[in-house]
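K.L.:
If you want the building blocks of each chain, they are given just below.
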Amino acid sequence: MGNVLTIIAQRLMLGLLTLLIVSVVIFAAVNALPGDFAQTVLGQGATPEAVAAIRQDLGLDRSPIQRYFDWLGDALRGDLGTSFAQANFASYTGTNSGATTVAAQIGPRFANTMFLAMVTATIAVPVSIILGVLAALYRNTVFDRAANIFTLSSISSPEFFLAYILILLLAVLNPLLPPLSNIYDGMAFSERLEKSLLPALTLTLVVTAHMMRMTRAAIINLLASPYIEMARLKGLSPARVIVKHALPNALAPIINVVALNLAYLITGVVVVEVVFVYPGIGQLFVDSVKIRDIPVVQACCLIFATAYILLNLTADIMSILSNPRLRHPK
Amino acid sequence: MILWIAAALVGMAIIAFSFRYAGQVATSQSPYFRDMPFGVAYGYILGVACVIWLIWAYLQALSSDPAIANKYFFLRVAVEGFVLFAAVAWLFRLLGRTVGTAWSKHLFRSMPLTASFGILIIILYAIVSIFAGALAPYGQAEILPGVAANIIPGGDPNLGGNPDFPLGTDQIGRDIMSRLIYGAQNTVGIAFVTTLIAFFVGGSLGFLAATLGGWLDQILSRAVDVLMAIPSLIFALLLMTIASVWAPRLGIPLTVFMVLIIAVIDSTRVFRLARAVGQNIVVMDYIEAAKLRGEGLGYLVFKEILPNATAPLLAEFGLRFCFVFLMIAALSFLGVGIQPPLADWGTMVRDLSAFVNYAQFAPLAAVTPLLAAGAIALLTVAVNFVVDWMLQKTSGLKE
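Listed in order, the protein sequences are those of chains A and B. Mapping of the first sequence onto my numbering: position 208 corresponds to residue 921, and the numbering continues sequentially without gaps. Mapping of the second sequence onto my numbering: position 36 corresponds to residue 41, and the numbering continues sequentially without gaps.
It should be emphasised that the hints constitute simulated quantities derived from the structure, not laboratory data. In this text, a Cβ means the ideal position worked out from N, Cα and C, and glycines have one as well. Treat the hints with care, as some may be off.
[Claimed, not checked] A few chain B residues that don't get close to chain A, going by computed Cβ distances all over 12 Å: (1) 27; (2) 32; (3) 67; (4) 111; (5) 213; (6) 217; (7) 221; (8) 261; (9) 292; (10) 318; (11) 324; (12) 350; (13) 371; (14) 381.
[To be verified] Some, not all, of what chain B presents toward chain A, calculated at C-beta under 8 Å: (15) 70; (16) 72; (17) 76; (18) 390.
[Said to hold, decoys possible] Okay, the calculated bits of chain B under chain A, using three or more residues with CB under 8 Å as the criterion: (19) 170 to 184; (20) 242 to 255.
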């Protein structure tokens, strides 16, 4: 067991290190902007005093290294800075209403995005594993070929194409679900679920296809091994061979694929949220990119990257844990 | 609604059971029916039910009542499109089997229908994008004076269409068909160039890392690890924000920045593959022999490693192209990609997407925005079909 713990600890450290370097990359990228925010916001009428005041207020007058560590320290404490677009500079008004901080803006939206991801995962994971097992069981039949064509098409279509087709079919021609997801605080759970069902279905289409193909491939890979042949020669039914003998050994790659696809979900969410006007972190990110609200862009980037790294790390650790040879070393 | 679905599922289970039983009795316990698991019987019944529903819905679309016909209009288009594409792909494969050299005939003989469909579509797109200027009736940014905006395709004057513009005109009076055709040139062309740059950078660095090893390999690999730890679309959006500030100052179009940014992000994936493939090759004896002959680095990379890595790299090129193409489309759709007045499919989808909501009243209104999105999907699907077939062929996995 000690062996596994060492490996996991190593992976965790590596993940932390990656995260640290990623934060440096993000910070450096943002600091590659020409001029600074104070000059941009004041435009033509910038007096040196006003520029200096804003610089001091936003801490732009210090060295980049110092600012990086300040930013990192604040981010760790949950303070992601002040949104440029909504900043009512303290030096002008002397007040600071809570809604101007990036954290206050991101907080509820982050929860919305997580909700969407959860709904998607609850639909997608069981469906794709069952379909993947079925496709492996009936490989090279009409069902398998149809599933192959369908999944390839839905993987390779852009998310917005799938989204508009679903809107067209399920919201416009057959008004079953609302085409827009206007979600607000204090909404009843059932209503919230109904409103986020269409974006969740879109994401499910994309993610399921991936997971299903991987599940199928992982199981088919195993079917060539001698112990499967043994099980078949014992006279077990094909379904029993796959569910009882192949699936437990295919679990490691399947878990890996599930985690990777959840990581993919984090980015796929951006386009889908924009299509459905879903008030999540992805939409905030795109809006901030358009108005160049740097602190928000920076913070969203960091959150997306953290989620991505964490999920990849989980995939790593889960596949180590599900490997009995690593769990019980000789 | 849910009750109906449940009742239908149970009903099908009963039909499936009796179907199997009838088969067993009728063929007097032939092994096929005797050993048929219940799930298989159920699957057959489910498949038959789906086909019956499709036929029923297709007939509904042909009904004279416009309210019902509208509802199933897109299903009709999908069914007809599927049959048409399958037929054309089959004819194309037939053509490939009879015309051409022995090699190409052999290639087409073992080709699944999906792959021949993919090749056909890729050829079509290539022709359209190369000859866009000659094919398009109007310019891509040409605002036609005195033309009312209409997005009803077909040019039927009864529906408010104009026969001069078969696919209608957009909000500011530009011919949509011309923009679609130019979109092929811009979107596909830019994606192709981006993929080429990504391959050149990622491929050469990957091979270098594999051949030289040591500290260069370490530095490059760790840098790629870090870049790959940031989700690509997010990273692209971050860099595009910064580029959008730099672009006007330097006087370089934003599109150039976009090409470079996506190329760099995607070259990390190419690097990984090229390095892995290269590492398998550099341990071969013939590389050892070439090194002993005193061949230089350029000879090793281009004459020894590259020819042996073509097959996996070619398949990767197809996949990379899809990813790049989709990323550009997504960026344009989000409004930070290819900039107007260049016609581009992602931007067209975003601009025209509001018309999807009018499909209730006139299904044709939703066709135009979906055409642009469908054009993107069709190409990526086609490339994926071909790559899938190539991978299956080269890996020799016959399962």
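K.L.:
Decide, hint by hint, whether the structure agrees.
P.N.:
Results of checking the hints against the structure:
No Cβ of chain A comes within 12 Å of the Cβ of residue 27 of chain B; the nearest lies about 21 Å off, and the non-interface call holds. Non-interface status of residue 32 of chain B relative to chain A is upheld: no Cβ of that chain comes within 12 Å, the nearest being about 20 Å off. The Cβ of residue 67 of chain B lies farther than 12 Å from every Cβ of chain A, with a closest approach of about 16 Å, so its non-interface assignment holds. Taking the minimum C-beta to C-beta distance to chain A, about 23 Å, the non-interface status of residue 111 of chain B holds against the 12 Å cut.
The Cβ of residue 213 of chain B lies farther than 12 Å from every Cβ of chain A, with a closest approach of about 23 Å, so its non-interface assignment holds. Against chain A, the non-interface label of residue 217 of chain B holds: every CB pair exceeds 12 Å, the least being about 24 Å. At roughly 19 Å, the least C-beta separation between residue 221 of chain B and chain A is larger than 12 Å, which holds for a residue marked as non-interface. At the 12 Å boundary, the C-beta of residue 261 of chain B stays outside the reach of chain A, the nearest C-beta of that chain being 17 Å off.
Interface exclusion of residue 292 of chain B from chain A stands, the closest Cβ pair being 30 Å apart, more than 12 Å. Interface exclusion of residue 318 of chain B from chain A stands, the closest Cβ pair being 20 Å apart, more than 12 Å. Chain A draws residue 324 of chain B into its interface by the beta-carbon criterion, the shortest separation being 10 Å against a cut-off of 12 Å. Distance check for residue 350 of chain B against chain A: the nearest CB is about 9 Å away, which does not clear 12 Å, and the non-interface claim fails.
A Cβ of chain A approaches the Cβ of residue 371 of chain B within 12 Å, the least distance being about 6 Å, so the stated non-interface status is violated. Not every beta carbon of chain A lies more than 12 Å from that of residue 381 of chain B, the smallest distance being close to 5 Å; the non-interface claim is violated. Checking residue 70 of chain B against chain A: minimum C-beta separation of about 15 Å lies over 8 Å; hint violated. For residue 72 of chain B, the suggested interface contact is broken, since its CB lies about 11 Å from the closest CB of chain A, more than 8 Å.
For residue 76 of chain B, the shortest C-beta to C-beta distance to chain A is roughly 5 Å, which falls under 8 Å, so the interface hint holds. With a least beta-carbon distance of about 6 Å to chain A, the hint placing residue 390 of chain B at the interface is held under the 8 Å criterion. Requiring three or more residues with a Cβ within less than 8 Å of a Cβ of chain A, the coverage given for the region 170 to 184 of chain B is violated, as only 0 such residues are present. With a cut-off of 8 Å between beta carbons, the region 242 to 255 of chain B has 10 residues touching chain A; three or more are needed, and the interface restraint holds.
Hints 11, 12, 13, 14, 15, 16, 19 from the earlier list are contradicted by this structure; the remaining hints agree with it.
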